[in-house]
Every structure is written in C-alpha cells, then in structure tokens.
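Engineer: Here are the chains, one letter per residue:
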Amino acid sequence: MMETYGLTKHFKDVRAVDGIDLNVAPGELVALLGPNGAGKSTTLRMLTTLIPPTSGTARVAGFDVVRQQREVRMRIGYIGQGNGAGHSQRGRDELISQGRAYGLGVRSARARAATLIESLGLGEVADRRVSSLSGGQRRRLDIAMGLIHEPGLLFLDEPSTGLDPQNRANLQEHILDLRARHETTIVLTTHYLDEADSMAERVIVIDHGRIIADDTPAQLKAEHVGDRIILGFDHETDAASAAAAVARFDPERQDTRLTIRTQGAPRRVPEILDDLRTLGNPATEVEVVRPTLDDVFLKLTGRSLREGGTADSRELVEV
Amino acid sequence: MTTLVADTRTVFSRELRPVLRDPFTIIFSMVQPLVFLALFTPLLPDDSLQWFVPGIIVMSCLFASSMTGSNLLFEIQTGSHERMLVTPLRRPALLIGRALKEIVPMFAQAALIVAVCAPFGFRFNLVGALLGLVILAAFCIGLGALSYTLALASKNQEWLFWTVQQTLIFPLLLLAGVLLPIDNGPGWLQALARGNPLSYVVDAERALFAGDILSSATFGGLVAGAATAAVELWAGVRAMRNSD
Ligand SMILES: Nc1ncnc2c1ncn2[C@@H]1O[C@H](COP(=O)(O)OP(=O)(O)OP(=O)(O)O)[C@@H](O)[C@H]1O
Ligand SMILES: [Mg+2]
Numbered sequence: 001m002m003e004t005y006g007l008t009k010h011f012k013d014v015r016a017v018d019g020i021d022l023n024v025a026p027g028e029l030v031a032l033l034g035p036n037g038a039g040k041s042t043t044l045r046m047l048t049t050l051i052p053p054t055s056g057t058a059r060v061a062g063f064d065v066v067r068q069q070r071e072v073r074m075r076i077g078y079i080g081q082g083n084g085a086g087h088s089q090r091g092r093d094e095l096i097s098q099g100r101a102y103g104l105g106v107r108s109a110r111a112r113a114a115t116l117i118e119s120l121g122l123g124e125v126a127d128r129r130v131s132s133l134s135g136g137q138r139r140r141l142d143i144a145m146g147l148i149h150e151p152g153l154l155f156l157d158e159p160s161t162g163l164d165p166q167n168r169a170n171l172q173e174h175i176l177d178l179r180a181r182h183e184t185t186i187v188l189t190t191h192y193l194d195e196a197d198s199m200a201e202r203v204i205v206i207d208h209g210r211i212i213a214d215d216t217p218a219q220l221k222a223e224h225v226g227d228r229i230i231l232g233f234d235h236e237t238d239a240a241s242a243a244a245a246v247a248r249f250d251p252e253r254q255d256t257r258l259t260i261r262t263q264g265a266p267r268r269v270p271e272i273l274d275d276l277r278t279l280g281n282p283a284t285e286v287e288v289v290r291p292t293l294d295d296v297f298l299k300l301t302g303r304s305l306r307e308g309g310t311a312d313s314r315e316l317v318e319v
Numbered sequence: 001m002t003t004l005v006a007d008t009r010t011v012f013s014r015e016l017r018p019v020l021r022d023p024f025t026i027i028f029s030m031v032q033p034l035v036f037l038a039l040f041t042p043l044l045p046d047d048s049l050q051w052f053v054p055g056i057i058v059m060s061c062l063f064a065s066s067m068t069g070s071n072l073l074f075e076i077q078t079g080s081h082e083r084m085l086v087t088p089l090r091r092p093a094l095l096i097g098r099a100l101k102e103i104v105p106m107f108a109q110a111a112l113i114v115a116v117c118a119p120f121g122f123r124f125n126l127v128g129a130l131l132g133l134v135i136l137a138a139f140c141i142g143l144g145a146l147s148y149t150l151a152l153a154s155k156n157q158e159w160l161f162w163t164v165q166q167t168l169i170f171p172l173l174l175l176a177g178v179l180l181p182i183d184n185g186p187g188w189l190q191a192l193a194r195g196n197p198l199s200y201v202v203d204a205e206r207a208l209f210a211g212d213i214l215s216s217a218t219f220g221g222l223v224a225g226a227a228t229a230a231v232e233l234w235a236g237v238r239a240m241r242n243s244d
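Heads up: the sequence lines are chains U and G, in that order.
By the count of the UniProt record's numbering, the first sequence reaches residue 319 at its end, each step adding exactly one.
By the count of the UniProt record's numbering, the second sequence reaches residue 244 at its end, each step adding exactly one.
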C-alpha cells in the first residue's frame with residue numbers, strides 16, 4: 001500500500017526526517033510513536049503530498065508522491081494535526097464541500113455528511129460556526145472530514161489529542177470498525193501509548209527523524225524490556241537468602257526486595273513462590289510488572305513519553 | 001471525476017458561503033465606493049463621470065482581489081488550508097475560486113454603481129461593459145493569485161503580507177491613471193505607467209464602457225488581463241508545490 005526509500009526532509013539545518021525506509025501492507029494499522037519534534041508529522045506531510053522530500057522516494061497507494069500527486073490525493077484521506085474545518089464555516093457545509101472536493105455529487109455528499117455527523121455524535125453542533133465548537137467537537141469534525149470519501153488509506157496525525165476518554169474510545173472504535181468493514185489501511189501518530197498498544201499491530205518508534213524500532217507492541221516489549229517480578233521480604237537477610245535460592249534467575253537485590261527480569265513472568269511466579277516456600281523463606285509480597293510501550297521508549301531513547309493518567313499495567317498481589 | 005470548473009465552483013462556494021450567511025459586511029463594503037463617488041465627483045470637471053466611473057470599478061475590484069490572501073493566512077494557521085491541499089482539488093481551482101469570491105461581489109457592486117450613475121449622465125454600452133468585466137476578472141484573478149502566493153510566503157510573518165500588499169497596491173493604482181490622468185505627467189511617470197499592466201486594463205475599461213469595443217485599447221486590455229492571470233496562476237501553483 002505504501003513504500004518509502006530513504007525518505008528525507010531537511011528544513012535548513014534541521015534534519016526533520018532522516019532516511020526512512022518503510023513498507024506498509026494493505027490492511028495494516030500502523031502507529032508512529034515518537035517524542036515532540038521526532039519527525040512524525042513531517043513524514044506524514046511528505047506521504048500526503050503536502051511537502052516535497054529533500055531526497056528519497058515514496059509510493060503511496062501505488063503512485064509517486066512527487067510525480068503523481070493527484071493520483072495519490074484521490075486515494076488517501078488525511079486528518080492533520082491542526083483543524084481541518086475552517087473556523088468561519090459551519091461543520092455540515094465543510095463536510096459537504098469536502099465531499100465535493102473528492103468528486104462526490106451534491107446528494108451523495110449531503111448523505112455522507114449526515115451519516116458521519118450522526119456516527120460521530122455531531123448532530124447538535126454541525127450547523128453552528130466551527131469557531132464556536134469545543135476543541136473535542138472540532139476534532140471529531142476533522143475526523144468526519146477525513147472519512148467523507150471512504151479512503152482506502154488513511155493518515156491520522158494525533159487524531160485523539162484533545163478528546164476526552166469517552167470520545168477517545170469512540171474514535172478508536174470507529175477506526176477499528178473502518179478497518180474491519182472496509183479493510184482500510186491506517187497510519188496514525190499518537191502520544192497515547194495505551195492507544196498504540198491496544199490498536200496497532202505494528203508500532204514504529206521514530207526519534208530524530210529515524211526509525212529506531214518497528215514491531216508488534218508485544219514483541220517490542222519482550223525484546224527491549226521484558227517482564228519483571230518483584231519479590232518483597234520482611235527482612236534484608238530473608239531477601240539475601242532468597243536471592244541465593246533463585247540465583248538461576250539472576251535477581252537484583254535492593255534492601256528487602258528482589259527484582260527478577262524474565263519473559264512470561266506470570267507463568268513463572270507460582271514456581272518461584274513454591275521454591276521459596278519449600279526453602280522456608282516465603283516472600284511476603286509479590287508484584288508482576290509488565291512493560292509498557294513507555295518502558296520500551298525509555299529504553300530506546302532515554303526519554304519518557306508518558307503524560308499524566310496513562311494506564312500502567314502493574315498488578316499487585318498480596319500473598 | 002471533477003473538472004477544473006467543478007473544482008473552482010467547490011472552492012468558490014465554500015468561500016462565499018460564510019459571507020452569504022452573514023451579508024452585512026459585504027453590503028457595507030459595497031456601498032463604500034458610492035460614498036466615495038458622491039464626495040469625489042462634485043470636485044471633478046463636468047462630464048468626467050464617463051472617465052471616472054470605470055476607474056472606480058477597477059479600483060474596488062483591485063482592492064478586493066488583493067485581499068484574497070488575508071483570509072487564507074488564518075486558514076494556513078488553523079490547518080484548513082492544509083486539509084484542502086490534500087484533496088484532489090486542482091491547484092489553479094484553489095487560486096481562482098478564492099479570487100472569485102472577492103471579485104464576484106465587486107461585480108454586483110459595479111452594477112450598482114452603474115445604476116446609480118446612469119441618471120447623472122453616465123452612458124454605458126452593455127456588451128462593452130460585460131466584456132470589460134471579463135477582462136477585469138482575468139486581471140483580478142491574477143492579482144488574487146499573487147495575493148495567495150504572498151500569503152503562502154508570509155505564513156510565519158503576517159506583517160509581511162500587509163506590508164507588501166499596501167506597498168504594491170497604491171503605486172499600481174496611481175501608475176495606471178485610475179484616479180487622475182497620467183497623460184499630463186512627466187515622461188518617467190508615463191514610462192512607468194506603460195510598464196504597468198493595469199494601465200492597459202483601465203484604458204480598456206474606459207473604451208469598453210463607452211462602447212468603443214473593437215479598439216486597440218480593448219486588445220491591450222485583453223492581453224494584459226490574460227497575461228497577468230496566466231503568469232500569476234503559474235507562480236501561485238508553483239508556490240503551493242514548494243511551500244513547506
Ligand atoms: N515547516 C518547517 N520549517 C522548519 N522546521 C520544521 C518545519 N516543520 C517541522 N520542522 C522541524 O522538524 C522537526 C520535526 O517536526 P515534526 O512536526 O515532524 O515533529 P513531530 O514528530 O510531528 O512532533 P509533535 O509530536 O510535536 O507533533 C522539528 O524539529 C520541527 O521544528
Ligand atoms: Mg506532529
């Protein structure tokens with residue numbers, strides 16, 4: 001559905017995108033993850049014909065993004081980081097003119113607009129001036145505009161930024177549904193790690209304009225971080241002797257705690273607890289920490305992507 | 001699939017819609033030149049209405065189309081311009097549609113001016129006037145495209161747009177003999193005027209409104225209008241392609 005070779009964009013002396021090779025198969029849902037300024041938007045802007053690459057090539061939906069721009073444009077949808085709907089316009093008008101821009105007739109543009117207004121819950125605000133809508137309402141309107149022509153390949157730049165949790169869930173459902181029903185290929189950027197984790201089967205981590213990891217969320221986590229089992233004891237001496245007992249796992253001790261790094265931690269915990277009990281040195285507390293994409297990110301880039309309120313998959317079990 | 005005309009109509013009607021929804025500003029700006037005429041013509045020698053009215057029509061169309069980029073500046077910042085650039089809309093349609101949104105209300109205004117001036121002795125030839133408006137539209141589409149290009153170039157520094165727009169528009173007007181005749185000016189001024197495409201458009205308007213259709217002035221105006229439109233549309237499409 002899309003291939004790039006050495007895709008590069010320099011703005012004066014900023015290497016915004018620095019040689020990206022990327023292949024996306026039809027029907028894939030890919031999330032681009034990266035800190036502010038990593039080059040995510042710039043990449044999408046090249047793929048959607050908005051800016052010419054400094055070097056490298058990209059074929060999108062079968063056509064070259066520099067030489068066959070119109071062909072590309074007819075086959076893709078794009079929801080940018082800004083507001084697609086003009087602030088002095090009304091939402092429904094914008095949806096209809098967007099449909100007309102993609103060659104829909106007046107009647108089908110109206111009908112599509114009405115369907116999207118309904119399914120994105122914009123009924124009450126669609127006939128108001130866009131400038132009077134809340135940020136989240138505007139964002140949903142932008143999304144409706146990107147979907148008006150049911151593109152086979154959809155690019156979304158931070159689609160869920162500014163949405164409340166309910167609307168975020170609603171949008172994710174919408175995207176997954178689009179994919180299930182029309183086999184739409186989807187490339188999105190996001191700062192919400194749980195979103196990338198739960199939606200995308202492929203996560204591409206970008207930093208300083210380069211791809212530094214590209215895999216399924218599960219594989220990324222297993223490969224770069226792994227699970228941790230944290231065992232708590234009443235006394236340091238207990239912890240020390242327990243460390244000797246489970247030496248085969250190469251534990252790290254910190255005061256009364258032992259940390260074991262391993263794959264498939266939940267399946268190992270019963271075995272470890274049994275061992276310790278048999279040796280008369282049972283753990284008093286156990287915690288299984290499964291990695292998040294943020295841990296992967298931290299490992300790969302040395303920086304955290306996490307914003308407040310992101311889900312964390314810690315399970316604390318009292319023994 | 002769409003055509004250039006259909007694309008232009010899509011852009012044009014999108015632009016015009018908010019204006020029609022809230023017509024007061026446009027009605028107000030349409031009446032302005034009438035006030036201007038009412039205060040200015042009493043100062044002119046008799047029978048100068050015939051010379052002056054076509055100039056006023058050109059002037060208001062010129063002001064309007066030079067504003068094409070101002071609304072665009074805001075849409076570049078919010079993201080809706082980017083959204084439109086990703087659609088398959090033909091690039092010239094984006095330029096022409098936006099320019100027409102400024103020009104069409106001015107044509108309504110031209111009709112109003114002519115209607116108001118007719119009882120005071122302004123004679124006009126309908127066929128000539130219509131052809132005159134076609135030439136004016138071509139020139140103003142070119143100017144609108146230039147204004148669009150200017151907005152693209154000033155997207156990170158809005159002052160640039162206003163500075164250049166203001167700096168260009170008055171010399172352009174004065175050097176075309178819109179408000180005062182150039183004929184009695186010094187040689188250098190006349191030379192500059194001859195290099196100004198607007199001069200040919202204004203001369204053509206005066207000839208055409210007076211019914212002098214098959215004249216060299218008409219021909220000059222046609223060439224100046226078409227050339228301005230072609231050059232500026234070409235430059236505008238290029239600027240859109242290369243804009244970061
Ligand atoms: N038009 C431009 N002119 C100059 N520099 C630019 C331009 N657009 C982007 N940059 C620079 O390129 C780099 C990458 O920007 P980009 O917008 O692609 O980042 P991003 O990954 O989308 O970040 P964010 O998460 O903040 O949206 C940044 O350093 C940015 O300042
Ligand atoms: Mg971005």
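Since the hints were derived computationally from the structure, they do not count as laboratory data.
Beta carbons: idealized from backbone N, C-alpha and C, even for Gly.
Keep in mind that a hint or two might mislead.
[To be verified] If you want the ones that stay clear, here's a sample from chain U, every Cβ over 12 Å from chain G, calculated:
#1 THR8
#2 PRO52
#3 ASP142
#4 PHE155
#5 GLN166
#6 ARG181
#7 GLU252
#8 ARG303
[To be verified] Only some residues are given here: those of chain U computed to face chain G with a beta carbon under 8 Å:
#9 GLN68
#10 GLN89
#11 ARG92
#12 GLY103
#13 GLY105
#14 VAL106
Engineer: None of the hints should be skipped; say for each whether it holds.
Structural biologist: Evaluated hints:
no.: 1; hint: THR8; result: 14 Å, holds
no.: 2; hint: PRO52; result: 7 Å, violated
no.: 3; hint: ASP142; result: 8 Å, violated
no.: 4; hint: PHE155; result: 9 Å, violated
no.: 5; hint: GLN166; result: 24 Å, holds
no.: 6; hint: ARG181; result: 23 Å, holds
no.: 7; hint: GLU252; result: 49 Å, holds
no.: 8; hint: ARG303; result: 26 Å, holds
no.: 9; hint: GLN68; result: 11 Å, violated
no.: 10; hint: GLN89; result: 6 Å, holds
no.: 11; hint: ARG92; result: 11 Å, violated
no.: 12; hint: GLY103; result: 5 Å, holds
no.: 13; hint: GLY105; result: 10 Å, violated
no.: 14; hint: VAL106; result: 10 Å, violated
Checked against the numbered hints above, the structure breaks hints 2, 3, 4, 9, 11, 13, 14 and satisfies the rest.
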